[in-house]
Amino acid sequence: MAVTWRNLFRRPVTVHYPDVVRPYPDRFRGVLALTYDPETGEENCIGCRLCEYICPPQVIKVEMLKGEKRNYAKIFFLELYACEFCELCVQVCPTDAIIMLKTFDLAVHDRRELLLDKDRLHTLGQQFEPSWATGTGLRAMQAPAPKGGEKAKAATDAAE
Amino acid sequence: MPDPEARTVLEYGYGGNERLVMNMGPQHPSAHGVFRMILTLEGETIVAVEPVIGYLHRCHEKLGESLTYVQYPSIASKTDYVAAMTAELTYVRAAEQVGQIEVPKRAQYLRVLAAELQRVASHLLWLGTWCMDMGGALGGGATMFLYCFREREMILDLFEALTGARLLYGFHQVGGTRYDLPVGWADTCRQTIAHVETRLAEYEGLLEGNTIFLVRTQGVGVMSAALAQDVGVSGPLLRGSGIAHDIRRAEPYSSYEDFAFDIPLESAGDCYARYRVRMAEFRQAIAIVRQVLDGLPAGPISSRPGVKSVAQVKLPKGEGYARVEGPRGEVGIYLVSEGATKPYRMKWRGASFSNLAVAGHILPGHKVADAVAILGSIDPVFGEVDR
Amino acid sequence: MSASDLVWLVLPSFILLNGVLALITYLTLLERKFAARLQSRVGPYRVGRPHGWLQPIADALKLMLKEDIVPAAADRPVYNLAPIVFLVPAFLMYAAIPFAPRLALADLEIGLLFVLAVSSLEVVGLFMCGWGSNNKYALLSAMRAVNQIISYEVPFILTALVPAVLVGSLRLQDLVAAQQGLWFVAYPVLGQLTFVAFVVVALASENRIPFDIVEAESELVAGFRVEYSGMKFALIQLAEFTHLFGVACLGTLLFLGGWLGPGPAGLGPAWFLLKALILFVLIVWIRWSFIRIRVDQILGLSWKVFLPAALVLLLAAAVVVIARGGGGV
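Protein chains in written order, with this note's numbering: chain A, 80 to 239; chain B, 635 to 1021; chain C, 2 to 330.
So that you can see chain A by itself, here it is in the shape it has in the complex (with noise of 0.2 Å):
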C-alpha cells in the first residue's frame, strides 16, 4: 500500500491528446505519401511498380505510363485499411517517390475513404512532416562496408 500512496503524488503520465500532441521521433511509420521532386516540381513517382511486388499484404497498385524522357505511374492506389506499415515500400523505391509520414490520424466514417489515390496520396505528402526514411536513405544505412571500414560509419552516421 505504501508504493501506490508513493504513486499518488507523482505526476500523471497521461498524454492528453488531442490537445497536447506528444512528439513523433523521426523515423515514425506513418501514413503513406507520395512526393514530388522540390527541384523540378515533377512527381518522383516513375512506376516502375517495385512497391506493388514488395508489399506482402498486396495494397499497392500501380500502372505506369509511358513517356518521352521518364515513365510516370498512370494509376496509383494504396488500401490504407489493409496496409501494414512495415516500410518495405518505401525501402525498395529507387527514386524516393513513397515515403512515410510522422502522422498516423486517418480515422474516416467509410472504409471506402481510405483507399488512397495517386492526388490524394500526393495532398497528404504536402499537409504533413514526413519521416526521417527514404528509400536511398535506408539502403545506404544497410550497404556493407566498402573498402574501408570508416567511410560505411560517416556514410551511416551522414544518413542520419
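By construction, these hints were calculated from the structure, which means they are not laboratory data. Hints are supplied without guarantee of correctness; some may be wrong.
Unchecked claim - Heads up, simulated EDC-like pairs for lysine to aspartate or glutamate below, C-alpha to C-alpha not over 16 Å straight-line:
1) B:1001 / C:297
2) C:137 / B:676
3) B:712 / A:163
4) B:942 / A:131
Every value quoted in this text rests on a predicted model; they were computed, and no experiment measured them.
For this one, chain A is given, so just place chains B and C on it according to the hints.
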C-alpha cells in the same frame, strides 16, 4: 513413455455431487487472448480441462510459402506479437542458416540488444497482465498493470526511435538488421533501463511483501521436472522446475557467447518459482543490454546490400532449423528451401504452443481461481499458439 | 393525520434519500479520480471540464438510456425483483444513522441492531440476482457470495458490538456521546485491534477487493450481475456503493467519534461526513492496492482467524466493563 494424449482427469467421487461443465470461453477478460477451456468442476475444484485452440489461426506457415525471404520478416513479428523481435530473429536466422549467410558483428550485437530489450518489455507485459488476472481489472491488479505498462511504454518509445514502430517492428532482415542506432539513442537507452531497474525493485517489494500474493502463488500449479520434459515446455517454465536449459547458453547464437549473464533457476515448479525466474531474467537482460551498449563495434549492419527488390534473396537448396530463446521459451523455425526466393516449407515451433499443453496436466485439482493464476504464469501468447 | 403531519413525515425521508443518492453518485467520481492518481493517470477529465464533474451524471444518463436486456430463460419475477431487494436495505440503513446529536431520521433505541440487521439483508438480493439470471457464472458467483457474506457477517456483528458492550447501549447517539473524551479507535489496544478487524471484516462483507471473488471479473466476468443491463444494473451498482458508504458511516459512528470534532456544535454533520469520507478513501485505497484472495482462503480466514479474534475482543470488552464496575466508559 507416458501417453501424450492423456489428460489428467481426477475422480473425486463425492457422494451425490454433480459435476458442472463450465466454459471459460474464447471471450474472457483473462484468457490472455482467444483461448477456450472447457472446465469440469466439482464445486469449486477443477476436475478436468479440455483446452480448445485455433481461434487465432492465420495461416502463417502458408504465408511463409507465398512470401519471399525479403517480405516475410515483418510478417513473422505477428506470431508472437508481444515479443516481435525474437520472432523475426528466428526466421532470419533460419534463412541465414540454410543459405550459409554471414552476419556482421555489429548486426549481431544489435540483434542481441533488440532481443534483450524485447525480453524486458515482454516480461513487463506478463507481470502486468498476470497481476491483473489475479487482482481484477478494477482493483489492485489494474494498478500493477498500469505501473508495468508505464515502464513498458518507455521501452516501446526506444523501439519507436529505432525502427519507427512500437509493436511490430520489421527490424530484422536476412543478412543483418534494417535499422542502425540513431544519434543519442544509446544514452536514452541507458537512462530508460536504469529507470526500469529501480521501478522493478519497487514492484518486487510490492508483490513479495504482500501475503495475499504469496499465498496465491506458492504451491499453486506445481509442474514437476519430469512432466516439463515430457510435454516439451521451454523457457521460464522449464527453468522454474529446476532444469537449467537456456538456448543462449546451450547453443549460443548471434554473439551471445560474448556476454556474461546468469541463467536464473528455481526448483519449486510452482507459480511463484516461475515468477522469480522471470524477475531474475529482467535483471539479466538489463545487464546484457548494458554490455552490448558498452561493447558495440562499428561496422555495417547487413552483409547484403540494402533491399532493392522483392526477389533479392535466393537461398540454395537445403533445410535447417534455427532456435531462439524468446521470452516465452524456444521459438524455432524449420525451413526447407528448394533453391527459390521463397521457402518450399516453413514450420513454426511456437513456444507458447508447447507450453500451453501442460495446462491440461497441472490444472486439475486446483480451484477455478487458480486457473487464471496458473494460465498467467504459463504466459501464453495466442499468436504463437495458433500461428 | 393532517396534511402537514403527512408532509413532516415524508419530507425528511425524501431529503435524506435524495441527499444520499447525490452523495453516492459523486462518491463514484471520487473513487475513480483517487484510483487514477494512484495509477499515475488522470481519471475522468473531459466530461464537465476540467475534471470530470459531470461524469456521474453522464454515467447515470447512459445507464438510463440503455436497452434493458432480459435473458429469455431467466426466472422473471426473481430477476426483476432482485435489484430492488438489493437496493432497499442499503438505503434503509441510513434511516437509523445519526448525522448529529438530534439529526437522525429515526432515533431508535436499538439503532445499532437495526443497522446491522438491515445490512445483512443484502445477501438475499444478491442471491436473487444470481439465481434469476439462469446463468452458470452468475449462479457460481451467487453461491460464493452467500458463502462469504454469511461467514463474515458473524465477525462483523461481533466487532461492531464491542463498542456497544463498552458503552452498555445499542443506541447510536449514546455510542457517539460516549466517545466525547476519547474516540474508540484511540482506546489502548482494544480499540485499534477492533478497528482493524472491523475494517477488514467490513471489506469482506461488502465484496470489496481483496475479498471480491464474488464478482471477480477476471474469472467470472461480473459474477452475479453479469446478466443485468441498463437501469437494473445501475440499481445494483448504486446499492453496492450505498451499502459500502453506509458501513463507512457505521464505522465512523462506532470508532471515529461520529460528529465529534473541534469547533461549534453546528459543524457536527460536516465532521461526520469528513470522517466517513476518510474511511471510504481508506477502503478505496485498499481496493486499488491488493490482488484478491482465493475463495477457500477467504472462508478459511473467516472461520479460523476472524471469528475467534472477534470473540476474544468481545470477551476482552466484557472483562474491561466488569473491571470498571459495570456500565459506562
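Consistency of the hints with the structure:
Straight-line distance between C-alpha atoms of residue 1001 (chain B) and residue 297 (chain C) comes to about 9 Å, which keeps the hinted pair within the 16 Å bound. For a cut-off of 16 Å, the pair hint linking residue 137 (chain C) to residue 676 (chain B) stands: about 13 Å separates their Cα positions. Of the supplied pair hints, the one linking residue 712 (chain B) and residue 163 (chain A) holds, its CA atoms being roughly 11 Å apart against a limit of 16 Å. For the hint linking residue 942 (chain B) to residue 131 (chain A), the alpha-carbon distance of about 13 Å falls within 16 Å, and the restraint holds.
Checked against the numbered hints above, the structure breaks none of them.
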